[in-house]
Structures are given as C-alpha cells and as structure tokens.
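Trainee: Dock chain B against chain A, hints included.
Residue numbers (numbering that gives the first Met the number 0), protein chains in the order written: chain A, 0 to 226; chain B, 0 to 134.
Calculated from the structure, these hints are not laboratory results.
Computed from a predicted structure; not experimentally measured.
Backbone N, C-alpha and C define an ideal beta-carbon position, used for all residues, glycine too.
One should not assume that every hint holds.
Unchecked claim - Okay, the calculated beta carbon distance ranges per label pair:
1. A:G100 <-> B:T124: 50 to 56 Å
2. B:V41 <-> A:I8: 29 to 35 Å
3. A:R193 <-> B:A40: 51 to 57 Å
4. B:A35 <-> A:L102: 43 to 49 Å
5. B:D70 <-> A:V70: 23 to 29 Å
6. A:R193 <-> B:I97: 50 to 56 Å
7. A:S162 <-> B:T93: 16 to 22 Å
8. B:D95 <-> A:P186: 46 to 52 Å
9. B:S133 <-> A:T200: 43 to 49 Å
10. A:I197 <-> B:N121: 48 to 54 Å
11. B:T67 <-> A:I194: 47 to 53 Å
12. A:S75 <-> B:V41: 39 to 45 Å
13. A:V70 <-> B:T93: 18 to 24 Å
To be verified - Calculated from the model, a selection of chain B residues having no Cβ within reach of chain A, i.e. all distances over 12 Å:
14. T63
15. K85
16. K92
17. I97
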Amino acid sequence: MFPLDSIYILMFTSGLLGGFGHCVGMCGPVVAAYSINLRERKYLPHLMYNLGRVATYSIIGGIMGLIGSFVGVAQSIERFQNITMVFIGALMVIMGLSVGGWLPFNKRIEQANRLSNLVITARKSLSGSGGIGVFFPMGLVLGFIPCGLVYTAFIAAAGAGASSVSHIEGILKGILMLFLFGIATTPSLLVLGRIVSIANTRWRNRFYRVSAVLMVIAGIIFIYRAL
Amino acid sequence: MKAIVISLLLLFIYAGIGSAVTADMPDCAVDEGPCAKKIGAVEIVFDIKPKPVKAMRELSFSVTLKGTVTDRLILDLGMPGMYMGKNEVVLEKTADGIYTGKGVIPRCPSGKRLWRAKIINNGKTIAEFLFNVSS
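So that you can see chain A by itself, here it is in the shape it has in the complex:
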C-alpha cells in the first residue's frame, strides 16, 4: 500500500522536477525576500521555513485524501490563499521599499508610528533576530500560497483518497504523497536561499538595491495575482 507503490515515486519526482522551474519562480521571491536579511546563519532558517511549508502541504494532502475531492477542499481554502497572497505581497512591497531606503523604517525612532514599528519588527523577525523559530510558522502560512504545481499534487491526493477503502487510508496516503512532494521541492529553494544570502554578503551595496526593487515588483505581482 505504501512506499513500493509508484504513485509515491511519482510525487517525489514531480516535486523534484517542478522545484527548479516552477517553485523558484513562484516561491523564489519570498525566499529571496527573507534570505536577503539573513546574516551569518546558514541552512537552519531555510530548513525551518521549508519544514513549515511541507507541513502545510501534508496537512492539506491529508484532508484531500480524507474528503476524496479536490474541488470541494480547494474552494474552501481559496479565500484564505488569496488573503495570504495579498498580505505577503503587501509585506514584500513595504519591505522592499524599506530595504532600498525609500521608506524611513531602517531604524527605530522616537515616537515611531505603528506602521514603522510593524515593518521594523517584521524585518527583525525575518533576519532571525527574534529567533530561528519564526521561520517555521512563516513556512506554515506561506505554504498556502496558491500554486498550480501544488494543486496538481492535491488532485492526485484526492484521487488516491477517493480510491481508498477507508478514511484512515485516504488520510495517510494524502499526507505521505504531499510530504514526499514537498520534500522534493525543497532543494531548489534551499539553493536559491543560499545563493541570495551569499550574493548579499559579497556584493551588499549593489545587491541590496537591486533586490529591493525586485522585491517591490514581486510584491505587486503577488497582489495582482490574488485580486
């Protein structure tokens, strides 16, 4: 029933193949946005973020396997996915403007307003100053970013659930399928995150400004796609 079945190999392969093309394009801006603020830390924030993301995929995969229907579950999480996209997009725009020095949020000032404090707190969290722990919940939330490749994986999980003899089997199949898929998408994002961190360390001044502009553009695209 489990690992010897080719559907699991297929899910892993799908994630691996999709990772370097699809995932870098969709999740790449988010990974780049938090990687640019990482200083000396190496892989742990990236691993925590991806663990959170994979956990979300696995949970939804389990739900798909239980219900046995992709459309019903997808429709019920669609609104939350769109809200997540808008929120992340807005945060990336503000962060990009801040990183580029076009907003006066680089240092805490006396009588700072709520927005500036929010941005400073977000930047500190994303740089890991608030602890590594922030990356896991961030991954959990950002795992809801809508993605066609992930939808296809969910469709497969729902199909596996529909053909299961029991709800338990459907849930376990769905979880395992999406876990394998999610794990396989991780290497590409790990590589991207490390490249951004290294590039930022070596060419800080020029890279910071370019990254800031790209972050703003990516944030606007995220919002546009969600609306």
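Mentor: Then chain B, alone, in the frame of chain A:
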C-alpha cells in the same frame, strides 16, 4: 537609478525566457464546441463539459475515435512551457468509439490559461489539442 535599470533588465530576461518557451497558440476553441483532428486514417474528436471550460472545477472529458479500436485512453493535461506535474485522466470506453472520464484543470496563478491535452493510446500520443481555460 542603476539598481532600477538592472532590476528591470533581469525582469525582462525572466519574462522573455518564459515567453520564448511558450510560443504555442491554441488550436482548439473548446468553449465553442468539440474539436476534431484527423491523424492518418484516425479521426479524433475532443470535448470538455461543462462550458465555458473553467479551472478548479470538475470537468467531463470525452474523446471520440473513428478508425481505431481500444479499451481505454489516457488524457494527459499540462501547460506548454511550464511543468505542472502529472495530471492524467483515465478515459473509459462508454460506447462504441466514445471514451469519457472526469478530471480537474488546476488554476495557474501566473495568469496563463493555455493548456495542452495529449490523448494517449497504449503509451503512444495519438493527438494533442491546445486550448484556453477560463480561471
């Protein structure tokens, strides 16, 4: 200023790479009715219902074959130029020469709407149809 120019250049390169890979155009107006192709002696008619064909909802796919006989077909759904994972619909024979099955076309948040349906018989692709999907 230099940062903005470099960023726009990177963005155009990224968008350009995507566009170059997806030079395909739709050859099937499936929203208006079934699409037909003749490959050698075999005539293939492909249809999707309900219409308009929308992503993220259950769709009924049908293929009518004239000129050949088989027990089942596989419909492989994908996007030209963008790997979307393996999404195959099994089409079972429901009448003479008619094969039907249900499946879902996922929404691509990039906004791209062009999809490719490959009709596979015994591991061999016998026809492809390119069509647009509403989101």
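Trainee: Each of the hints needs a verdict: does it hold here or not?
Mentor: These are the hints, each one checked on the structure:
1. The beta-carbon spacing between G100 (chain A) and T124 (chain B), approximately 54 Å, falls within the hinted interval of 50 to 56 Å.
2. About 33 Å separates the C-beta atoms of V41 (chain B) and I8 (chain A), a value consistent with the hinted range of 29 to 35 Å.
3. At about 56 Å, the CB distance of R193 (chain A) to A40 (chain B) agrees with the hint of 51 to 57 Å.
4. Taken as a hint, the range 43 to 49 Å is violated for the pair A35 (chain B) and L102 (chain A), whose Cβ atoms sit roughly 58 Å apart.
5. Separation of D70 (chain B) from V70 (chain A) is about 28 Å and conforms to the stated range, judged on CB atoms against 23 to 29 Å.
6. The supplied range of 50 to 56 Å is met by R193 (chain A) and I97 (chain B), whose beta-carbon atoms lie about 53 Å from each other.
7. Separated by about 19 Å at the C-beta atoms, S162 (chain A) and T93 (chain B) satisfy the suggested range of 16 to 22 Å.
8. Judged by the Cβ atoms, the range 46 to 52 Å given for D95 (chain B) and P186 (chain A) holds: they are separated by roughly 49 Å.
9. Between S133 (chain B) and T200 (chain A) the C-beta distance comes to about 46 Å, which sits within the given range of 43 to 49 Å.
10. For I197 (chain A) and N121 (chain B), the hinted distance range of 48 to 54 Å is satisfied, since their beta carbons lie about 49 Å from each other.
11. A hinted range of 47 to 53 Å holds for the C-beta pair T67 (chain B) and I194 (chain A), which are about 51 Å apart.
12. The hinted window of 39 to 45 Å between S75 (chain A) and V41 (chain B) holds, with their beta carbons roughly 42 Å apart.
13. Between V70 (chain A) and T93 (chain B) the CB atoms are about 22 Å apart, so this pair conforms to the stated range of 18 to 24 Å.
14. The non-interface label for T63 (chain B) is consistent with chain A: the shortest C-beta to C-beta separation is roughly 25 Å, beyond 12 Å.
15. K85 (chain B), annotated as away from the interface, has a beta carbon of chain A within 12 Å; the closest lies near 6 Å.
16. Every CB of chain A is more than 12 Å from the CB of K92 (chain B) (nearest about 20 Å), matching its label as outside the interface.
17. Residue-level check passed: I97 (chain B) sits 23 Å from the nearest beta carbon of chain A, beyond 12 Å.
In terms of the numbered hints stated before, the structure departs from hints 4, 15, listed from lowest to highest.
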